[in-house]
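**Q** What follows is the residue order along each chain.
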Amino acid sequence: MADKTFHLTVITPDRVFFDGSVRSIVAPGGAGSLGVLVDHAPLITTLQPGKLSVTSAEGKVQSFLIGSGFLDILKNEVVLLTESAQIDHPTKMS
Amino acid sequence: MPVLTLREIRKRIRGAQKTKQITRTMQMVAASRLKKSEEKFRQAKPFAQKMEMILSHLQQFSEEFSHPFFETREVKSIGLVVVTSDRGLCGAYNGNVIGRAEEFLAEHAAQTVKLMLIGKKGYDYFRKRDWPILLKSLDIAGKGDFQRISDITQQIIQAYLSREVDAVYLIYTSYLSAMSVKPVCMKFLNLQQEGEAKPVQTILEPSLPEILDRFLPQFVTSKMYISLMEAFTAENSARMIAMKTATDNAKEMIDRLTLQRNKARQAAITKEILEIVTAGEALKG
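Protein chains in written order, with our numbering: chain A, 1140 to 1233; chain B, 6 to 290.
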């Protein structure tokens, strides 16, 4: 169970931002924050601008800032399309 | 070919050399731009492909599908987007696109065709003619600014939704490889509904109309973006080839003129010797 992963691609209009195996993601869905694990039911949803956190296959947690977009889940293929994406650098102030 | 004096030939060689230098530089510039825009085009592809994929996933709900973008209207007026370059010196690139557009206009003489022009060359051509120009956008070539392309697409969508036009077609240059570019005509709006309902049960959040409302404009924008990227790549490749041909022609001209110059010089020397010899003979006699 622990090493169950699915494939995530994060794509912006000008490049493929992320492409790899992940264990889980938490995305800012249009209808509230949305967690995705392996074998999620097929789903299409809108995304709000916000923080996307990704737990990689090795268990490392990465955090990205994304613009509005869409999430498409079909049989462990998760595609996240967004206007913009960048790595979230946690600032000391917050 | 008229007989030229030695000096005239030299002048021409110098001219040809200067031209060659310029065209070669332009060829180099175009080559590096081509590399960049090709890369951009390549990287823009996955987004457009995934957009298509999501659309096809959404289409499994075809029964409930109703959105103005899919509406079938009686087509009275057509918006025609013509993508040309802003600058010239790119061979037949613009000529081909405009030729294709003229063909389109002839085919659709029964409807009102309103033009939406992207690129200065197309605008220069069509503003002297009598088709209404709905919108024009100059100076975006090559920059590939997503925001600006998005703005243009918004305007096109507006024109469609306000029933200013009932369908939108796009004429741009497709780029298969550096050697193979050709103008193509593509239906842009309304969208064609295709594919029957597949039995995959997909959850939609928040709801289909809301998703469609946000997704479809994005989808259309992405289609526009990728088409423009492709056109810009084709433009650069056309320019590179045109400049290469020009350089080659200049080279050929220089070779020919050099030969002519050498012959003329030789003739002049021969004539001079002949004169001296004749003069010497005359003095002796």
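Be a bit skeptical, because a hint or two may be false.
Below, simulated EDC-like cross-link-like pairs (lysine to aspartate or glutamate); rule was C-alpha separation at most 16 Å, straight line [what the hints assert, rightly or not]:
#: 1; chain 1: B; residue 1: Lys-192; chain 2: B; residue 2: Glu-76
#: 2; chain 1: B; residue 1: Lys-41; chain 2: A; residue 2: Asp-1153
#: 3; chain 1: B; residue 1: Lys-55; chain 2: A; residue 2: Glu-1197
#: 4; chain 1: B; residue 1: Lys-228; chain 2: A; residue 2: Glu-1216
#: 5; chain 1: B; residue 1: Lys-141; chain 2: B; residue 2: Asp-129
Because the hints were derived from the structure by calculation, they are not lab data.
**Q** Please list, smallest to largest, the hint numbers that this structure does not respect.
**A** 3 and 4
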